[in-house]
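Asker: So the chains spell out like this:
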Amino acid sequence: MFALVASVFAQSFLAPIIGRRMPLRAGWILALLPASATAWLVTLATGGLDQPVLRESLPWIPALDVFLSFRLDGLALLFSVLILGIGALVVVYSGGYLKGDPRLGRFLAFMSAFMGSMLGLVLADNVVTLFVFWELTSVTSFLLIGFDHEDARSRRSALQALLVTGGGGLALLAGLLLMASIGGTHELSELLLLGDRFREHPAYTAVLALVLLGAFTKSAQFPFHFWLPNAMDAPTPVSAYLHSATMVKAGVYLVARLHPILGGTEAWIWTLVGFGGATALLGGILAVRQTDLKRILAYTTVAALGQLVLLAGLGTAQALQAFVVTLFAHSLYKGALFMGAGAVDHETGTRELSSLGGLRSLMPITAVAVGLAALSNAGLPPFLGFIGKEELYTGALGSQAYGQGIAGVMVAVNALLLTAAGLVFVKPFFGAQVATPRAPHEAPVSLWLGPALLGALGLAFGVFHGLAGDWFVSPAVSSIVGRPQAVTLHLWKGLDPALLLSAVTVALGVAVFSAWSRVKAGFDRLGTWLRFDSDRGWDRGLVGLVQVAEWQTRAIQGGYLRTYLRTTLAFVTLAVGLTLVFRGGLVAAIPLPDATLAHWILAGLIVAAVATTLLAHTATTAILALGVVGLAIALIFLLFGAPDVAITQLMVETLIVIIVALVLFRLPRLTPFRASLGRERVFNAVVALGFGALITAITLALIALPFDPFLGDEFARLSVPKGHGRNVVNVILVDFRALDTLGEILVVSIAGLGAFSLLRMRRGAR
Amino acid sequence: MIKSLILRAATTVLLGLMVLFSVFILFRGHNEPGGGFIGGLIASTAFALHSLSHGPRAMRRLMWVVPRTTVAAGLGLALVSGLLGFAGGGAFLASLWSPGGSVGSPLFFDIGVYLVVIGSVLTIVQALQEEDE
Amino acid sequence: MTALLVLPIVVPMATAVLTLAVWRHPGVQRWLGVAGSAVHLATAVGLLAQVVTGGILAVQIGNWPAPFGITLVADHLGAAMVLIAAIIGLAVAVYSVGDVDCDRQRHGFYPLYHVLLTGVSGSFLTGDLFNLYVWFEVMLSSSFVLLALGRDRAQIDGAIKYAAINLVSTVTFLIAVGILYGMTGTLNMADLAVRVPQVANAGLLTAVAVLFLVAFGIKAAIFPLFFWLPASYHTPAVSVSALFAGLLTKVGVYALIRTFTLIFTHDVGYTHTLLLYVAAATMVTGVLGAAAHYEVRRILSFHIVSQIGYMVMGLALFTPLALAGSVFYVIHHILVKTNLFLVAGLVARRAGTAEIRDIGGLYRAAPFLAVLFMVPAMSLAGVPPLSGFWAKLILIRAGLEAGVWWIVAVALAVGLLTLFSMSKIWLEAFWKPRPEAAPPLVPTASTPGMVVALYGPVVALAMLTVAIGLWGAPLMELGARAAGELLSRDAYIAAVLGRAP
Amino acid sequence: MEVLLAFVTGLMGAASVYLLLSRHVVRMLLGLILLSNTANLLIFVAGRLTETRPPLVPPGGVLPEVPFANPVPQALILTAIVISFGLLAFALVLVYRGYLELGTVDSDRMRVAEPPLPGQRILPPEVQGEARSGCR
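Protein chains in written order, with our numbering: chain A, 1085 to 1850; chain B, 192 to 324; chain C, 523 to 1023; chain D, 71 to 206.
Next comes chain A alone, as it looks inside the complex (with noise of 0.2 Å):
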């Protein structure tokens, strides 16, 4: 499996190579590996086992339990023949759809990326990697509804799917990474054993919610289905692909795969059921007042996912075992119906309904795999759309509470969907023929080749459902329920409710059919009345965002430096003074002055000076008073026994006025000396004084602190006799420290030869 994994991946890097080279044989040559992958696993499924188990592990991460583990069970079987076989079909079908296009290779390459990261998705077993993969299929699917990259739409709609199903991911990354914590292990089918001591875990509501989140948004269910019809910016083959048969199945698939550990509380059936119903219910009202032929297909696919949700939830054998038939017999027809509708696009040159009739004698192969497909959606005997229909209504029947109408409920939707296939097939393909954009012509076989082949496997599995039930339905049962589970699948069971139902849907739908073009108006009111428009609330979400963004920017990198300054000044003085108060490290007492008259004469002298530099009202003064203030530390620095650190301090002191004198004969007094606001003065001196205060308060504090000083003590001691100099600060800074000094002559030489440099590399100086 990874090997297969691997080389889909791989295939994805060839892919423009071959798209360049042979770009009309593109199609055909990157479809034969799906296809043969296919055959194998279609060779699996029929070899009579009744749970094949293929399990392979490689370590990523082991010191993060990440295992690169792929499991291949009946679900994860399933699921892979409905990626690669469908994907076969649709890689020979864009070869057709994207004749002549440059672009082709990328955009086979980008087809296989996604097939190979979504069937990682569903063989991974490991919660990681399975995220991994997750995460994938949403960037490349961003890549493919962002193909057509200069259409601004396409481009709204990617990043709009990015992030919706992005967002949904993180969630559900969370969620993943707590169930694992929560296990103890990040391998899924250890974890699907946990069973009842995970759904007792306090922590299991958390984890649930953050796995629906990420299920929901990437199956498009309720409220986040926005993104799925506007997806249908993306070329058909995409469509086809990743927006019926595979992508947004992913939630779906995941909800399916978690159902053993998650699956049967209170809290899961209402979510899913609720949920699922309500997405159902949705899509097939939306469905039928659409025109264009790919949001029909877009919004019935979100009815559809939805059903899948609520079966999903309802949990007994008979649910899940139609949640599998219908998932399959959904795949099959509307990745046909996609590719049908695509074919007549590029065949005709338009999508919308009104301008499009009678296309069945023009296009009669693309005419009968529409239709077939149409049948089975339709969900009309003896497809396997029926079986699916029929499976659905018992399973929904026979759960607990409020079976009855949740059939109700499937019944309408049921019903739209049937509305919804015949306006697919029938309005374009009877009635008159309508003048187009093209001149239709039966489409090439990559085109039609694809949508005959899955409309023929709809008839053929619902004729032999046998043969269906137990290579592909049991085997998907089984690993969903977690035990070996014997499903057969009937096109006649009797006269029971279920086919009842089946009876009222087909009446139902048929009515408003024929009624369409008059009821239209009324489900486009009831659309607009219901239609909870997430669509236009995602565009106000990201202004919102900006703005927000834009104020915060205001507020905080305003490109004030004084503002700066403040903030980040009076975010040192608070933080560290209400520490120093809340941590309690004031001293309790301040001592008194313990000083001579020469200190006071010396502090009185620094005030003074620091007291002028603040007033003056040239920069002349302001400096000659900072010298004064220097000059009164170096005398401090004499008196206490540190005479280099004076002379140090004294040359300083010079040089900086000589070279401040420099500076300052070259600036003109434009800007008031003086320069601060009113209001802002008082803000100024508050962070000042409190500055002030908090460097006292640590003196304070430290002053009354014990004080050891060993380190200068060694220092003298190994001074002469070790360090051949008889004044200890400078074998200190030669020797003991030399490092320090090093680092310090580099500072010295860059600020010298920096402001040679600043001052050459003018603007206009040469």
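The set of hints was computed from the structure by calculation and includes no laboratory data. Treat the numbers as computed from the prediction; the structure is a model and nothing was measured. From the three backbone atoms N, C-alpha and C, an ideal C-beta is built for every residue, glycine too. Please note that the accuracy of each hint is not assured.
Said to hold, decoys possible - Not close to chain B: a few residues of chain C, all C-beta gaps over 12 Å, as computed:
#, residue
1, 553
2, 560
3, 571
4, 619
5, 623
6, 722
7, 746
8, 787
9, 794
10, 877
11, 956
12, 960
13, 986
14, 1019
15, 1020
As the list claims (entries may be wrong) - Here chain A is said to cover these stretches of chain B; the calculated rule only asks that three of the stretch's residues, wherever they fall, bring their Cβ under 8 Å from a Cβ of chain A:
#, stretch
16, 254-265
17, 314-320
With chain A held as given, fit chains B, C and D onto it using these hints.
Answerer: Quick look at chains B, C and D alone, frame taken from chain A:
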């Protein structure tokens, strides 16, 4: 440039004296207050004052190298005397002394410091002064 | 052996001195610069190899025993940081050959560049708090000049803001060192770790810890101390901002990690909780800042801020996994963010502007460039299987295991907004058709040599990102080891002081 | 004296912050100079003050005469002074260049790197066009 005759005369005399004094301070620094920093600062103050009164051209004539080169030499000297430690004590910046302890790598290190300080300060002063030319 | 610890500092310094000596010959400087970086990288590789096989390495400078002399220490964290810095050093040095104009090269770009690297290496290796201050200053001084070096007015504006705030940070740091010395009598970090618990006034100690937090926090650009970064990083030469983006803030983060694991662990409940709030605020404000901007390097600058939040989050959670996550994150981020700035430079060269709203059409015109942007951009947003995904994964897992739900929620939401921001650049600069009024696109490079210099480092860094994504186990192992050393400090202390604590 | 200096440093710190918060970049620079002086004095106090001999060994001796001043803070301050001297000298030149390029020493008018945001009005530069050096 400050055009004061007295200052000019004074700084000319001062320059020589101060440079000599700075070298003295540099070498005595290991035993008495002083050292590379202080020496370097004194010397550069002298040059800076000279340059202020005589102009940067005069200073350039006076110094036979570009101050930038002094910086490079100083840095190089300090680094090399640090690397000498590998030869002697087996560690970076380990001191290496002549028998008797009169000449040692820390002295060269200090000379490096001295040169860097002079070079850097003069680079700045010169660059600022040359703004006028 | 002991030379291995010194060489990552000495080599760039020697390179700086040599390039300084040939000031008048930019051509020679270029070669010296690249060669020096290559040697630097070699020494860094040797150092990390030594640490991985032989454990923590310590050397007493000048043979003066700790805590009296200055000790250089390389544990897994330090050695890994040196290595990643050297990788970035080489990549940007090569890029600069094609990017940095002659004018800048003539005015000391290479000496400054290598002094900066000296400072960065020194900061990662020193075991002495005051020495750390010195290396910070080395870094700071050269970064001032590099930032201002050029003829662009915006540069000077940015440099003034950068200098003002960073000088405040540096004085704060100096004050903090002085006070801590006054409380403990020592400067050696291992010795501090031993002596800090004995300080009588624990409240004052916590206050000093917070003082360090804000001093390093300004360097690391955490909320609300990051203003200098988005104000300046978009102004200098691309090579310079790429180097800054990769290394400078991370030195601040490194210093935070070092001091808040080794020295200030006496009041974790207070200090690290404060760090956690700061981390969350940093992530959110940073990413929102990015949402409000449309100039590539400004967007990326705000993302630096936001990403710093993640690294601090790992430190704040203070579990082995969380710290490993921080280490992983720092390394990933340095690679990716440098690369993004380099790519942004290529984009701006190609399009003639860095305003994404004015670009457009690059996907069609320069698909290879699009791929080169996509890789680090997606990695930054945490899309699997790239380096950023693992980095985020570890931190999120650590947050979940520590039971701090809200920080996980913040981290995830910010991840989504990062994705939004990266796709904004993608949509505007790459996917959107080129605006009618825009001038025609120009080639990024005029000579084959320039192509190699400009694209080579970008491709190499992108490949590293992918490699870590596909094969993250070694880096995770490194992170886990580093975290182990950080949390049980005994090995570090023993290596420095030569005795068990 | 230590207690007295605690208040003096506090005052210096307050004054330097007040200067730093000014719009005038030269005032900010003065604030920085004062702030680093504050830091140096603080380190000096942190190493404890003893009004005694400098840490010098008399000729021929092996140890300084006790009590002697703690040499460690002195070495640190020396390093810090020189470093901050270098940085301040550079900062001064930067301000000068800033004046030449941006035509102002008012930080509120330095808005080239961060142009006005939507909904923000900024002060125009004081000097229109290319600024000139005062002596040229």
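Asker: Indicate, hint by hint, whether the structure satisfies it.
Answerer: So, going through the hints one by one against the coordinates:
1. Listed as a non-interface residue, residue 553 of chain C keeps its Cβ farther than 12 Å from every Cβ of chain B; the least gap is roughly 18 Å.
2. At roughly 20 Å, the least C-beta separation between residue 560 of chain C and chain B is larger than 12 Å, which holds for a residue marked as non-interface.
3. With 12 Å as the threshold on Cβ separation, the claim that residue 571 of chain C sits away from chain B holds: the shortest Cβ distance comes to roughly 20 Å.
4. Under the 12 Å C-beta cut-off, the non-interface status given to residue 619 of chain C relative to chain B holds; the minimum distance is some 22 Å.
5. Interface exclusion of residue 623 of chain C from chain B stands, the closest Cβ pair being 21 Å apart, more than 12 Å.
6. Distance to chain B confirms residue 722 of chain C as a non-interface residue, since its nearest Cβ pair spans about 35 Å, more than 12 Å.
7. Look at residue 746 of chain C: its CB is around 35 Å from the nearest CB on chain B, clear of 12 Å, so calling it non-interface holds up.
8. Remark: the non-interface label on residue 787 of chain C is consistent with the geometry, its nearest Cβ contact in chain B lying 31 Å away (cut-off 12 Å).
9. Annotated as non-interface, residue 794 of chain C keeps its C-beta farther than 12 Å from every C-beta of chain B; the closest such distance is 36 Å.
10. The beta carbon of residue 877 of chain C sits about 35 Å from the closest Cβ of chain B, which is more than 12 Å, so the claim that it is off the interface holds.
11. For residue 956 of chain C, the shortest C-beta to C-beta distance to chain B comes to about 45 Å, beyond the 12 Å cut-off, and the non-interface label holds.
12. At the 12 Å boundary, the C-beta of residue 960 of chain C stays outside the reach of chain B, the nearest C-beta of that chain being 40 Å off.
13. Separation of residue 986 of chain C from chain B is adequate, the least Cβ-Cβ distance of about 31 Å exceeding the 12 Å criterion.
14. The beta carbon of residue 1019 of chain C sits about 17 Å from the closest Cβ of chain B, which is more than 12 Å, so the claim that it is off the interface holds.
15. Residue 1020 of chain C, annotated as away from the interface, keeps every beta carbon of chain B farther than 12 Å; the closest lies near 14 Å.
16. Counting residues of the stretch 254-265 of chain B whose beta carbon lies closer than 8 Å to any beta carbon of chain A gives 4, which reaches the threshold of three, so the coverage claim holds.
17. Counting residues of the stretch 314-320 of chain B whose beta-carbon sits less than 8 Å from any beta-carbon of chain A gives 7, enough to reach three: the coverage restraint holds.
Checked against the numbered hints given earlier, this structure breaks none of them.
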